[in-house]
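Q: As a plain string of letters, each chain reads:
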Amino acid sequence: MAQEPIELILFRQLSSSLAIPVFLVDANGDLAYLNEAAEQLLGVRLDEIDEMPFAEWTTAFTARNEGGHGTDVDSLPLVRAIRDRRPAHGPLTITGGDGVERRIEITAFPLEGGRGRFIGAVAMFWETAADA
Amino acid sequence: MKVTFWGTRGSLASAGPETVRYGGNTACVQVTGSDGTCIVLDAGTGIRRLGAALSRDLTRVDILLTHLHMDHIQGLGFFDPLFRPGLEVHIWGPPSATQDLRTRLSRYLSPPLFPIRLRDADSDVHFHNAPDVPVSIGGLEVCGAEIVHPGPTVGYRVRDGAATFAYLSDHEPALTGDLDRRDGTRWTSGADIAAGVDLLVHDVQYSPDERAERIGWGHSSSLEAAAFARLVGARRLAAFHHDPGHDDAAVDRIVAETAAAVPEIGVFGAREGETVHL
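Residue numbers (numbering that gives the first Met the number 0), protein chains in the order written: chain R, 0 to 131; chain Z, 0 to 277.
Honestly, the hints are just simulated from the structure, not real lab data.
Reference listing, derived: stretches of chain Z covered by chain R, where coverage requires no fewer than 3 residues with Cβ under 8 Å from a Cβ of chain R:
hint : stretch
1    : 91-98
2    : 137-149
3    : 167-176
A few chain Z positions that, by computed beta-carbon distances, are all more than 10 Å from chain R:
hint : residue
4    : Thr58
5    : Arg103
6    : Ala120
Computed from a prediction, not measured in an experiment: that's the story for all the values here.
For every residue, glycine included, the Cβ atom is placed at its ideal position computed from N, Cα and C.
Build out the structure end to end from the sequences listed, making use of the hints.
A: Next comes the structure, spelled out in structure tokens:
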């Protein structure tokens, strides 16, 4: 597999040291990396999924909005960051790969390299209390 | 293709009897293609002597800067061909999201840091972002890629026919993870441009003990450079960017440490004035 852009490599390395769950996608929107905190939150292990293209992760976690309704893929913060190349934030309820339902908030932002090229995007998750 | 070292020192020029074998001038490497094409990698203090040695019949010279730290640009104002009317000088460097290369270089090449302004050069000077896809410069194919070092920094890969050469003068790939990894090079800085080269010129500034105290400074230890060379499958490794505080005996020790770590790779310490034929 070809080397990733340096900005993605550095962000992956930073993410690997963070306690905040981080979900990193490449310029195609495909999953490039998720750190251990994100593995725990999403109930999946990077080693086991090998790869997760855009079409797969956008529907994998049964995202629902605050009203409990299924969320349109285009309204997911990370998808907005990829498509609009702007930061996005929002609350969601998801069901992880381990079957556990969690309420989370997501902040997502695009990564643009020094050449002005779109490198990928990052989503950071915060789990919110069930009664919050 | 010929690779000639005009400056091998990192960080600060360090002339003196204790550095006479490896040299005291900062980074400058000349690459001469089999068709005579001349490119210059970095404009450290070593470029002054190179400028004096270049043929006056030359009509074009390309200077490829890895980054704009002083030890890589300090010689530019003393590069005599820059003041030769009619000569085309193409300067390539890392892209920035905020300022073009000419503007950034002019911060140094203007008063009060330097008496002459870049715009006063008599040659025909052109500025370019380092290419991130292969481009032809004369008979040489050149490609750059961003690598790990503080501030925008690129490494270069040069090809002449079947011969390949990579120049990663300032590089701290260990910051991007384990260099002994068995999962390939997808997450390793500099891996693509250095893959399988006949000669890798790479940062080997520190001993392992020194490196432990200077994490994040942008440079590699002997063992890290060796691991990187092995990971990318380089055939030969030239230890480069010698620490200004290291005398020749200290560089000898670091080169020996590097060679011992990768006995399958031909390791040598880059010496000022030395030419390698590829």
